[in-house]
Structures are given as structure tokens and as C-alpha cells.
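Asks: The residues making up each chain are set out below.
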Amino acid sequence: MKKIHVTTTVNDDNVEFLCDPRETLLDVLRDRLNLTGAKEGCGTGDCGACSVTVDGRLVCSCLVLGAEAEGKKIATVEGIAKGEELHPLQHKFIEYAALQCGICTPGILVAAKSLLEKNPDPTETEVRYWLAGNLCRCTGYDKIIRAVMDTAADMREAS
Amino acid sequence: MALDDQKPSGFKFVGTSPDRPDGLDKVTGRARFGADAYAPGMLHGAVVRSPHAHARIIRIDTSKAEALEGVKAVVTRADFVDGLQGEFGFVLENVMAGEKALYDGHAVAAVAASSQLIARDAVKLVEVEYEVLPHVTDVDAAMAENAPVLNDSYADASVPAGHHPNVVRYHDSGHGDIDAGFAEADLVIEDSFKTEATHQGYIEPHACLASLGGDGKGELWCTTQGHWIAQKTCAALVGIDTSQLRVTASEIGGGFGGKTTVFIEPVALALSRKANRPVKIVMTRSEVFRATGPTSSTSMDIKIGMKKDGTITAAQGIFRLQGGAFPGAPMEFSAMCAFAPYALANVHQVGYDVISNRPKQAAYRAPGAPMASFAVESVIDELCSQLDLDPIDVRLKNASREGTKASYGPKFERIGLVETLEAAKAHPHYSAPLEPGQGRGISCGFWFNHGGETSVSLALSEDGTCQISVGTPDIGGSRASMALMAAEELGIPYENIRVTIADTATLGYNDVSHGSRVTYASGLATIKAAKDAVGKLCKRAAAKWGIPEDAVYWEDGCAKPSGANAGNFDPMPLAKITKSMGRTGGPISGHFEATPEGAGVSFGTHIVDAEVDPETGKTAVVRYTVIQDAGKAIHPSYVEGQFQGGAAQGIGWALNEEYIYGEDGRLQNSIFLDYRVPVASDLPMIDTVIVEVPNPGHPYGVRGVGETGIVPPLAAIANAVSAAAGVRLRHLPMSPPRILRALKDKG
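Protein chains in written order, with full-length UniProt numbering: chain A, 1 to 159; chain B, 1 to 747.
Hints are supplied without guarantee of correctness; some may be wrong.
Unchecked claim - Pairs of lysine-lysine residues, derived as DSS-like cross-links and limited to a Cα-Cα distance of at most 30 Å, are as follows:
1) B:K425 with B:K411
2) B:K194 with B:K746
3) B:K405 with B:K425
4) A:K72 with A:K2
5) A:K2 with A:K73
6) B:K124 with A:K2
7) B:K124 with A:K3
8) B:K579 with B:K544
9) B:K64 with A:K3
10) B:K579 with B:K536
11) B:K64 with A:K2
Treat the hints as calculated values from the structure; they're not laboratory data.
Source: prediction; values computed, not measured.
One chain only, chain B, in its complex shape (with noise of 0.2 Å):
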């Protein structure tokens, strides 16, 4: 898309916050999350799971479960299809263990009752004889020789000869000569890091509402990022064509990419068929721990040489992600993101995805990005240290421009990087004074962003208002965005606008909610729908005018001739031509589809001030500032809302939250007390600074602002920790334990 198609300035209604048009349902308790659904004669389904982290099945006897009065159906894996392959074949598995248990919680069986209680008293009742087998849950062991193997066909050709099985994908990308780029440098600096495994921590557990007969039509109500996967998906995994399972998509209580896949959808569709009943199933906290989507662990290496006028000669970077007993740890977005904000003639990357007996990683915000940040951020951290130069200063020197070769591949488009770095090093929080015991730290991050398959169709009512149906489930007010842009482009009042996330029988095929595409794409595609009933407007007008169509131009709502020489007509207003239209060639609607390609990558700055309690390790922080760039904020207090959220993300992956795994290989902190997401009273406000660079990919300008985010706080706060404590960590989460280990080692 060219840049003279954009509309850069000049906005009535883009870039102003209303309310959002869910939001009256939000505060009175009326907004029906998954949860939140039931139906005539409807079912309560529970799921079986394994204690062991890794175990044969040998046997399971449901028949104690089945006698128990109000247990209507049992399923196991004889209960879905037989042989997927791929992706899908390895979503089976995870829904439902066949030969062996891989992780503690896995899925083996389930129930449905009458009530929730006989459901989890049968579930109870469900006898599995299990064969333990030795396990494995951190990545460096999963790859060491002796490892115990998960699977010995999961590693698929780009592997390289002599690795461990559990080592099933490896990438290898970067330009340049990276020994000579080494032996330019003044200083060398090669350090390894680690990060544990965390949730994304929606506060909505999974649950959905499923319904199947024997004739293959089936019914899902869920909470999902992505309804249309989940249809195709379930449709896979239980045997029925695509079409007939009709999925209806929840408000959403958070997801950050832990909604993007399915767990307990299959299973109650499964059990729906053989009760031929309604079933519904609702995860408790517990189950979405052991069983849902955490972030990969990792264990990196990184090695940066740097010349003393603070240029990068060089840059490498190993990347081991852990994610879970199946392929797929987004160990090349490690490896692509780590130096994609800096422009470097040398640079080499490499990564391992690695399985051990842990749940299937999900996508998190950005998956694979912060972590690898983290490490590098942190290299370069004490790159400008050891050679006394400003950390903002050395960012700019080295930062990704317009015309830039990425460090994975392709030349950078029109990006806001620079701008990022000098908002920052203008902003008053980058020059105030630091309390004694305090640190400040700061980091760059980067994110692709993503566009994705899209529909969106919008109807026109003969009163002049105008309904949209968008088909990516709204996560954070997006609803509020789509109306803003359609109202935009028609001319008519926001509040005249009602946006509704359609149905997969409604609408074509959206992909999820992820990749912080929903307002880049689902915005554009609104945009095109809307200019597409716009054209047919301006063609009514023009019909009754007797003009030509094209002597006719679209304003302020209105139908106008072009000018002197169409004739002298007053401005039609859109509700005049609507209300005639039954009249006048039939309904007025306006579609769109298409993949765009345009997204737009995204970069952010954050500064961060940290103090660090020396009696008890504890990290207190207590200034942040968040520095993005968002092309266009279509509403800008749902983006300074995404720059905060991220913030408070990376806050509780960088200090606090972590998978824990006993010996034994069970997970130890499986409730919200011992997994601790940040609280109230654990963060300071978060300041913002929503910069604007527009994307060329996109009407507006828009880039997708979600995940960004996320992808600084782990190295700005590992940043301002290491000033304050006076000491480097190199391990995630910063926890008071580790901090002061660190400590007692400086001495």
C-alpha cells in the first residue's frame, strides 16, 4: 500500500478514547464469559489427569466411574479419531494422553454427571495403572546425553546429526563474518542466562460449553482467542466435518496467547456425543498450571564485542527453549527478535527446540521474544558499563533504521526505533536523581507483529446505524477500535456503531486474536468494508441524481457531487440514502477478506527504577516508563492499557513468577498463592508515551501494539536490579532467594 493512500491527519474520531460499547455489560456483571453459559439438560464434565510426569498407560478402568449414579458418559482416547498427523496429531495427544502420560496433569481421561461434585467424585473413581518412566524437566538436562527420551520421531530434518532426540527443531540465520566482526571490537563480553517457565495468567479459567449429536452438527460456546481454530481443530480431533460444529466465542477474561489453542473443547465435545447431552467444562486454577499453556524455559549464550565509541562489531546468540513434551518453543522468534533492534554488519543466531515433561508451551505475548531480550539486552548492559558510555546513546548509535538489513533478513520498512530511544532520553524520568539503593535500567525490544487471514462484513440499517461483524474475539477493546475507524470512514456518530465478534457460521475464516493483529487487520478489513458500502452509496446517490457514479465523493457522511460541472445537488447524508434503499437496489452492505501482509514490526523503550532490599533480597519497583511506538492509537487509552498490561507482565516474569518442579516431577505451585502474578500493591503507576510512526502497511497507519510490551521489562528491570544490587543476575525470575545468593557471592 502506498504511503499517499494513508490518511495521516485529519481524523474526526480516530485518536479520541469514548467508552467502549461493552463496557456498561463489563461493570454490571451481564457480559457472559465462558463460564457463563448453560443449557437445557446440560452435563458437567471433569477431566482425569496424571500425577506422573512421565508414565506408560497401562490400563484404564472406567467402570467404577460409570457405575456412579448421575455419571452419564466416560471418554478416554479410543473416544476421538485415530492417526492425525501434525500439528493436529500432537494437539491430541496433548488433549488427551494415548501411550503415555508426558507431564504432570496430562490428560487421560474424562467424565460427565449431573453435577460438578459427582463429576469430580467420579473422576475419582477412574482406576489408571501406570508404568513410571524417568523424567526430565529442564532444558539443558532434556538435551544432555543420558536424557531420558520423551519421543524418538519428533525431530524433524533441520536437526543436525548428534543430538539428543529430545532436540526436535534447530534454526541457524544471521549475515556478516562474525570472527572478523569479533576481532574489530575493544571489548568481547560472553555470557550464559537462564529464564524458568511462566503463565500468562488469565484470570478466566478455560471452560466451554459443547454439544454434539450422532449426526456430526455440533454446538460450541467457548472462551477463545480464535474461534475458527478451535472449530477446525475440534472438528479434526473428533471426527466430524468443519462446517457442522458451529463455534461461538465468549467474552474473553484474558488469554495473552493462551487462548490461541484447545484443551477441553475436544473433550467435551467427545463427551457430548456419547451422552448426547450438553457438557460443559469449567478448568479449575489448578488445571490450567498443570495443563495449559506456560512459556518455554531457557538457556541462552551471548556473546557481543563492541568497538569503545560504543558500536557492535558482532553478535551471537544460542538459544535452548524448553517448550513442554511436544515440538513447537518459539526458539526462532528467540532467536529472530534478540538483535533485531540494532543495525550490525555481523551477527549469527542459532536456537534448539527442546521437549521434556512439562505442558505444551503456548504462545505468550511476544512468545520467545523477552526472554532472549533479556539476555541480550543485558550483555549490552554491561557492554556500556564496563566502557562508561550511556546505554540510550549506544542504542541509538547501533538502532535498526528505515532501510536496515534485520539481523533476520529482510530490510526494515518505515520504523520507530530511533524515535523510541529519543522520547526516552528526553523524558524527565530518564535524568531524575536515583534514592541510595536504587538502579536504573533500560531496554529496547522488538516484535514483528502479524496480519493473518481476516473477514469482516457491515450492514447498513435503514435508520442510518450500521452493524459490523468482526471475527477476532475482542481481548482488550478492540470492539471500541473497529467502531472508531468504520465511524471514520462513514461519516456517521461512533454510537451509531455496533460491533458484534461473529459466529463461525456468520462469517469467513479469521485467524486468532494474536500476533497484535486484531486492530491492524480486522481495522483494515474494517476500513475496506466500509469504503465498500461507501462506494455503493455514493452509487445510489449518483443513481438518483442522474449523474455519473463517478461524479460523486463520500464526506462527512454524505453523498456529494464531485463538483460545478456533476450539478448542483445538496449533500445526501447517509441515513437519507438508507432509508430509501429498499427501494433503490436492495440492502447496503460492505465486506471484506484477504490476508494483509502489512503489519508493521514494532519497537518500544523502557526505563525502569528498581531498589533492592540487601536483607532480604526483595525488588521494589518503583518508577516505570513505557516508550512505544503504535504507527497510529486508533483509541489511545486502550494502548496506553497494552503498554501497561505488558509492563506489569514482564514486571512479574522478571521478579517473581515461575513453574517450580519438584524432583518428582510434579508442579509445585499450581494456585495463584504460590504462583504469584503481581498485585496492586506490588507496582508504582506506569507512565506511557505512545509514539507515533505510522506503518505503510496500513490506511491509518496503524501497528499492532500488544506484545511489544512485553519484551523490554525483563531486561530494563534485570538492568536497574544489576545497578542497584551491584551485582549482574543472569536468572529469571529475580526472586529474593536468587538476589540474595547473588549478593552473598560478590561478598
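In isolation and in its complexed conformation, chain A is listed as follows (with noise of 0.2 Å):
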């Protein structure tokens, strides 16, 4: 099958690729861009092990088409730090040992990214079901839930 020729911005940066119009953004980011940040948890959409943003809005990545990127603006979890600095809610989730296998991590720490720049305080229930479809299967979500709120708090008093 003939390729498509995609222009796009991954985490600021310029970036060009072939793809063939069956492949996802998933595909793309991991096989072509060696971005492998991102995972394959599911493929349905379920598990949100994928997630990333494309133009500012969370998306589970293996929904997408890599065509899908033209044009747009995509940020994975490993534009999340800026050089050596991590950011807050990367920080407390290590702090609160908020990861066992940490395969769920970075689609949860896209996730919540995404939630705390929506929402700066939001309450526990807005965490579970912001994170309702990001499947953890190791810490049962306490420790998470505890580092996005505590995350969200610090970030308050900081602003």
C-alpha cells in the first residue's frame, strides 16, 4: 500500500515520516520515531497505556492514525521534563511509590498532566474518573490518586 507523507510536531520538535494509512499515531511514535514512551497496552482504546495529547486534548494514541498527526501538535511523556528537570507529578509519583511495574506510568502521568492544566483542584472523584481509563493493574490506584492530589496541591501553592 502506497505511503502518506506526514509533517508534524512531536514534544516541540519538527518531525517527518512515512507511513502506511493502516498505521497508528501509536505505531508511528514507537516503530518510526523511536519514541517508545508510549505503550501498547490494548490496542482498543481501553487501557490508556498509550496516552498522549495531540493539540492540547489527551488521546489514547492507538486511536489515532498516524496520518491523523499532519499537521498538529503531539506530546508524549517524553516531552513531560524540560531537560533535566522533571516535572512535579513526575517528582511525587517516585516519591510516593506511585508505580510497581510501571508500564500504566506514562500514559498516567499524560493523563494527569492533562487533568491538573484543566483543573488545578480537583477533587478525589475528578482524579478516579479523569484516570477511569487508565488501567493500573499493580498498586490498585491509592498511591496514584495520592500523588495527583498532593502533585496538584504543590503546584497550587507554588502558582
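Since each chain comes alone in its own frame, lean on the hints to assemble the complex.
Replies: Okay, structure coming up:
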């Protein structure tokens, strides 16, 4: 099948690639752009391990075609830290032991960052429902929810 | 190991919760999991799977697939070793079907192509002709007289005469006089229970990258709980020497027992050998559900007798587990764990391992125990309720203690069940008022824990830092625990230690990360390896000071003369000794290899409040408390994490998760949308209490904590739901339709 030429932006870098029309954005990020931070846990948009943002909107990259990235701004887990400086969520996840195996962590960080940008003061219920699309099988979510809530509190204090 | 060898208190590092060493990699996306490996010239593999639950394979025509541009190899059973016996034989039959496909999703062929898309197209071009056979997926139906026979040669000598050939193993154990015990009881309750199969549900699908040449030398990268077992098994299945296959374990995205065997790894190796190129295979989620390790589904009969004062006089259980198309359902663990929390004069347990047209079951966190505990603890709850006794008091009255003859035979050493029950009784949760429509349940749970073959190697660097190679994949933060234990022994900062999961070429054999064994066994080996290095450090200091070796001891990271008679020398820090080690005798390392036997059994008690909506049958878990004996918590945050994770998985098992097969024997819910694991909005915070009753078999008293946490939730939730709904629920999961039916039947 004839490949499609796509020009896009990933984590503020200008990027070009050729992809099969059937390839997902997740396939492109991982297999063509070497950005393996987003994970494929299901391929059906149910687990959230492949979460990225497209023009600021939180999506499952397994449900977006690579070709749809044309002209968009994509942000992945690899872009959350600025150089050496970790995002407060990243610090807090380590501090709170909010990960065990860590496979869901990239997707959860992307999703949680997206939440805090929209709602800097979420309730526990709001955090739980926002992250309901991100499966974690190890932690029971307890430490994840606490890490997100506490990061939000710290960021409110700092701003 | 004697208790006086133990270091029960006065820890400097152990018991703190520092940042995990792999934390940065895990939060930045840098950590490399199974599917994150790529190789020059790499091909992509995909597997052809049976759509039938039971079918004879008449013919496989691979010609059209091979003719597709980009396809480089196709393999079938003919590309693997012939005539394997025992467990390797079963694994091969599961990895690639021979004469028959035995379940929906059973692999029958595989292809390798230049892209994943081409590989998946090629799968559709492999033509398989099947003769469809009658199938059976239910455990009771599979034991019935006229059930289809899967294989008439699988039953072993343990099975008494007269059983269907699908009954492949049998277990019978216990002690005392059951009939006399029941005669002493004031109340005897006998009841039947069923649980449906669940999946471990790790978020990372199986993935591997394999390279094998015609010279019989191979490399394998895979997500696994144990790369030595993968090495041994793969080598046997593709017919090469074990040591010629080097296996590297990737970061592992969850396993819970499901990654203790191989599925795609031997297939990728066979494809690689045929194509003479590296081959990567990554399972889809649907393949994970259809073809990898669910638990057994069960059918159980329990009979327990109790006196009015709460004394259990006799207990009997029959546990029938279907384990898919091959022997191995953990029915003996069900039988042995069922009554372990209780000191019983009269106990009898029977287990049946039954094969059916489902995927080969794999271990899942305390395999076999949660289901048995659900049935037993439900009957105890019913007895307490009918005799108007407090469920914790009854459990305390009958609790196993040090010296109790366990229901499964041996005498318990020091154990912490009573301590967890007392902590439960004292916990504010137990006395908190309930809202209308809510019910409270409690349950105890038991798991053996395991030692297993273990090797650890530790090397000191010239700058006084330390590197440790362990062979147990880190599934929940264990590298942090190893570093803490080594820091304790060496007396150097936690941050100065780097722990690596070594590949199979750089360390001796290690059993799988299972049986809650890692912090216990690799931890013990790490401590012993550090002690080995400390001995050498003391020797160098003694030589420098010109005094006997036994006049030097190690404290706070320094060699010190043991008293005034030894001489007056300033303490010699580790870094000072290592700085000159090249000139004083060479590198300083420590090693330990053993199969430690003192794993130390573990008990827990859970308290749960549930609210049942009578209109929809939906259950909400509103409060949850886990109390468990950890022996000694090395890294308390990750111990809590194990408790919470076990409880969350138990909540899913109790309320929601189940394998649903259609009349055609096909799995109907093979994606996460339909097989729904708990999500964040389903759960409350999960409170934890870490009880520490030291394990006499570990230098610091560690007991494994990974598995016990999934044993009590099924029963605790069933007891809470039954209290809330006013009707006993005997079939898991207690999904809304089952609860509605029970409410309707109650009237």
C-alpha cells in the first residue's frame, strides 16, 4: 500500500515520516520515531497506556491514525520533563511509590498532567474519574491518586 | 537459621522508603519493556490461532502466506523438537498445537515478515483445515460421564479408578476423624460454591525479540518473571543447548504469575532460525486473553461443623479445578490453603485437576488459594451469623499459632495470624458504623511463600560503591529492597548501590520471581553476598594492620579492631579499603548461591464494607482495610503497594472479572472493554496495616508479601455483599446480574 508523507510536531520538534495508511499514531511514535514511552496495552482504547495529547487534547494514540498527525502538535511522556528538570508529577510518583511495574505510568502521567492543566484543584472523585481510562493492575490506584492530589496541592501553592 | 542470627531491630536503612533506583526511567518513558527492543534487520512475527475450541488439524497449507511479498518464514509444529515428555511436552503442545487444537486461540502456525502489517496479512493466508470435535469448558461438565475426551493419556497414577479421563490428577489429605468431629458440632453447614476463571491482567502484553542462527547460538530478550526458566524451556523446545541461549529479561509490565512460562518466545526463536534474521513478536490483548494464563475456574463443596462457643469441630472440602487443556490446575494448593488459618483436630480435603477446552492455566498470585478461601470463609461467616458469634472472635478462637499442626501437615513455626486478627479487631474500621444498605465482611487468608534456587553476585568498585547482580526480575520495586539490605550490611549509603537484573550469561541459575520469594530469597542471598564481601574487607584491613583476621569486625561501613588487645587503629572505611584493593589482593566481591528453605508462611486479615444497589445489583466497595504479616517490611511503601494491589485484584475477581465462553466454546470477552478490570473510579482508598512477626528463616525476618493479599478479598467481599444483600452469594464474580438473580430468588 502506498505510504503517506506526514509533517507534524512531536514534543516541539518538527518531524516528518512516511507511514502506511493503516498505521496508528502509536505505531508511528514507537516504530518510526523511536519514542517508545507510549505503550500498547490493548490497541482498543481501553487501557490508556498509549495516552498522548494531540493539539492539547488527551487521546489514546492507538485510536488515532499516524496520517492524522499531519499539521498537529503531539505531546508524549518523553516531553514532560524539561531537560534535567522533572515535572512535579514525575517527582511525586517516585516519592509516593505510585508505580510498581511502571508500564501504565507514562500514560497516567500524560493523563494526569492534562487534568491538572484543566483543573488545578480536582477532588478525589474527579481524579478517579479522569484516570478511569488508564488501567493500572499493580497498585490499586491508591498511591497514584494521592500522588496526583498532592502534586496539585503543591502546584497551587507554588503558583 | 537460629533466631539469634537475626537482626530484629536497630536498622539504619531497612524499614525506610527511599526513591526506587529505576524511578527516573519509569517516569520519563525511558525504561525498556518487552516490546521496546529493536534489532537491525528485524522481522515481525504473528501467530495463526485456532478459532475452534476443539478440532483435529487435518492440513496446514502455508504456500499462499509464503508467497506474499515480505514474508520470510512460516513455522508449524514440524519446526520444533519432536518427542518431548513431561512439562516441556505440555508447554510445546500449548505453544504450537500438534494433532489437535485444544482451545479457542491455540497457536497452530506462525509467520515472520518485514513489517507487522504484512505479518498480520500473512496470518490470514495460512489455510488450516480442521475437523471440529465436541468441546467442554465447564469444570463439572468436563468431569461428567459423557464429556468429550481431550486426551486419554494425561491422567497420572494419583487418580482413583472410575473417573473420566479429563480428571488428570487427584489430591487427598487431612488428619483426625471427620465423622466424629461433625458429630460433636452444634451446627454443621454444607454448601457448594463456584468461581469463574480470571486473568492476571498485566497491562503489558507478552513480547519478545529473538535471534537464533543455524549454529545453535541464540539471544532472547523478553518480558518474563524468570529468564532462566525461559532459557531452559526455549532451548528444549527448539533443540539447542541451554547455555547457548542467552536470555535478557526486559523491564516487566506486570506478571502476577502469568509470565512464569513461555508462549511466543520459542516461536520467535524458530522463526528467527528459519529466516536467519532477528524476529520480534508482540501479542495483541486479545491473544493475551485467548491464549495465556487465566486462572482455573472452580467448583467446590465445603462442610464445616461448629460448637455454640465457636470451636470448629471438623472441616471438609472438595476442590475441583479446571486448568485448561493441560494438567497443572493448582488444586492441591486450594486444598492445602483452604483451612490453613485454623487449628483443626479433624480436617479432610480432596482436590481434582480437570482438563477442558480452555487455555492452559498459569499461576496467578497465590494460585488456587483465593477460590478455596472464598468457599471456606463464606461457610465460617454463615456459621458465625447463625450462631450469633463475632467473626473475628471465632477466627481468634480457632486460629493457627506457633506449634499448630497445619491442615496440610507440618507444624507451624512462628506465625502472625493472631496478630493480624487482633489488629483487625482494634482497627477503627471494624467498629465504624455502617450506612443502610451496606454490609461488612472479614476474611483470613494464607499463603505458603517460597524459597527457590537463587544466585546473587556483588562487586565493590574502587570508589567504594557497590554493584549487585540479581536474577529475579523486579516486578514491584525489589531492586530498592536489595539495595536497602546491602546498604544495611555494608554500611554505605543506599544511593551508592546499583542493583541490576543480570542476564542468564552473567549469573548462576535463578528460579522465577514467583511464590512471593524475591525479597525473601534474593534478599537473603544479597545479605549473604554482602557478608561474604565484608569478610574479605575485614581480611584486607587485618593484613594492613598486621593483626589476625578474627581481631577485626565490621560496623557502620568500617573495619574496626575488635578491642584494645587487637591494637589501637582508626576505623578503616570501605572506600579506603577498595581504593587500594588492586594492590592488596585484587577485586573484592561477594557471592551467594543456595535454595533457601525458610520462606516463612504468611497470613492476612481483610475488612471490607460493601454497598449493594438493589435496583441494579451493582456493588460498591466503600471501605477496605488490609492487615497482613510482612515479617519485616524492608521498603514499607512497596509492601503497602503489594497489599493494595492484591486487594484491588481480589475486588475485580469478586465482583466483575470472568472468562465468558459461548456455546461454541469461543471466548466472548477478549478485550479490556468486555473483560473489565477495576478502574480508578471503581475503588476506594485501600488502608493498610503492616504487622511484623519476624520470619525465623530470614536474617531480618522477612516474609514474602506479594501473594497473601489476594487470598482474603474474595471471601471478605462475598461476606460483605451477602450481609448487605441479605442473601448468601456462592458464585463469583458477584456481577450485577448474579446479585439481581439472588435478590429475586430470595423474594
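Asks: Determine for every hint whether it applies to the structure shown.
Replies: Hint check:
no. : hint               : verdict
1   : B:K425 with B:K411 : holds, 26 Å
2   : B:K194 with B:K746 : holds, 19 Å
3   : B:K405 with B:K425 : holds, 25 Å
4   : A:K72 with A:K2    : holds, 22 Å
5   : A:K2 with A:K73    : holds, 24 Å
6   : B:K124 with A:K2   : holds, 21 Å
7   : B:K124 with A:K3   : holds, 22 Å
8   : B:K579 with B:K544 : holds, 13 Å
9   : B:K64 with A:K3    : holds, 24 Å
10  : B:K579 with B:K536 : holds, 14 Å
11  : B:K64 with A:K2    : holds, 22 Å
Every hint, counting from the list given before, is met by this structure.
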